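Participant: Can you make the complete structure from the sequences, with help from the hints?
Under my numbering, think of the first position of the sequence shown as 7, with each following residue one higher.
Bear in mind the hints are in silico, worked out from the structure with no lab data behind them.
Computed from a predicted model, the values in this text were never measured in an experiment.
No residue lacks a Cβ here, since even glycine has one placed at the ideal position from N, Cα and C.
Among the clues, some could well be false.
[Stated by the list, open to error] Below, computed lysine to aspartate or glutamate pairings styled on DMTMM-like, alpha-carbon distance capped at 25 Å:
no., residue 1, residue 2
1, 51, 33
2, 30, 94
3, 30, 100
4, 185, 61
5, 9, 48
6, 14, 99
7, 32, 87
8, 51, 29
[To be verified] Here are the in silico distance ranges between beta carbons for each label pair:
no., residue 1, residue 2, range
9, 36, 145, 30 to 40 Å
10, 162, 57, 39 to 49 Å
11, 178, 148, 19 to 29 Å
12, 137, 40, 18 to 28 Å
13, 59, 167, 34 to 44 Å
14, 46, 103, 31 to 41 Å
15, 137, 36, 22 to 32 Å
16, 55, 176, 23 to 33 Å
17, 157, 51, 29 to 39 Å
18, 57, 112, 36 to 46 Å
19, 156, 46, 44 to 54 Å
20, 160, 61, 27 to 37 Å
21, 90, 157, 44 to 54 Å
22, 176, 23, 20 to 30 Å
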Amino acid sequence: MSKNVADKLGKGLKPAAFIESMEKNKEAFLNWYESFAWEHEEDQKFFQSLQFRDDLRCLILAAEWCGDVVRNVPVVLKALEETGMPVEILVMEDHLDTMDQFLTMGGRSIPVVIIADTGGYVLGTWGPRPKHVQEVMVAFKQANPDRSAADYEENIKVARSEMLKQYGEGTGYQTVIVKELRNLLSSF
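Facilitator: Have a look at this one:
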């Protein structure tokens, strides 16, 4: 049976309200948001073509303290602005019931972008980070299954450092997110 988020539609924050409410990382979030640029015109045209799809809704599980949210949600918001699709942000701590339906490798990883139809049926998800960055965390979790191991904290610091390297210095990772979102949205 597919997941349904109908009970959450209309319960989230509009993107502007989420940004306004941020007490942590607001400046960094806005910097990534403002630095977004379409690398490929055909990608922008694809997202614009979805303006005729009035059957799609987006919920984003997020929290202002999360580095992946700060880096990735601005890209998602910029891309989805072109679609006219209703977008709401569910602050993770206020929606743990929903978060627990969308775990990543058994853990609460954000952001999770949920695309649903007007009835709340989940059509697809994206997140918490671009696939090439997520591969670092997958490898880490496979190699470090015991969170109580003596070297766990040291090893996760190394993994996080490697993930930052995978993101890169500039905004190149944003084009990867746009491509992954386009592939997801093209699938339904």
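Participant: Could you run down the list of hints and mark each one as holding or not?
Facilitator: Verification of the supplied hints:
1. 51 with 33: violated (29 Å)
2. 30 with 94: Since the Cα atoms of residue 30 and residue 94 sit roughly 19 Å apart, the hinted pair holds (cutoff 25 Å).
3. 30 with 100: Given that 25 Å is the threshold and the Cα spacing comes to 17 Å, the pair holds.
4. 185 with 61: holds (21 Å)
5. 9 with 48: Distance of about 31 Å is beyond 25 Å: violated.
6. 14 with 99: holds (14 Å)
7. 32 with 87: holds (19 Å)
8. 51 with 29: Violated. Residue 51 to residue 29 sits at ~34 Å, over the 25 Å cutoff.
9. 36 with 145: 30 to 40 Å: Between residue 36 and residue 145, where Cβ atoms are some 32 Å apart, the hint holds.
10. 162 with 57: 39 to 49 Å: holds (42 Å)
11. 178 with 148: 19 to 29 Å: holds (27 Å)
12. 137 with 40: 18 to 28 Å: holds (25 Å)
13. 59 with 167: 34 to 44 Å: For residue 167 against residue 59, whose Cβ atoms are near 40 Å apart, the range 34 to 44 Å holds.
14. 46 with 103: 31 to 41 Å: Holds - the Cβ-Cβ distance for residue 46 and residue 103, about 38 Å, lies within 31 to 41 Å.
15. 137 with 36: 22 to 32 Å: holds (26 Å)
16. 55 with 176: 23 to 33 Å: At 28 Å between Cβs, range holds.
17. 157 with 51: 29 to 39 Å: violated (49 Å)
18. 57 with 112: 36 to 46 Å: Holds - the Cβ-Cβ distance for residue 57 and residue 112, about 37 Å, lies within 36 to 46 Å.
19. 156 with 46: 44 to 54 Å: With a Cβ separation near 47 Å, residue 156 and residue 46 satisfy 44 to 54 Å, so the hint holds.
20. 160 with 61: 27 to 37 Å: violated (48 Å)
21. 90 with 157: 44 to 54 Å: holds (49 Å)
22. 176 with 23: 20 to 30 Å: holds (29 Å)
The structure fails hints 1, 5, 8, 17 and 20 (numbered hints given earlier, in ascending order).
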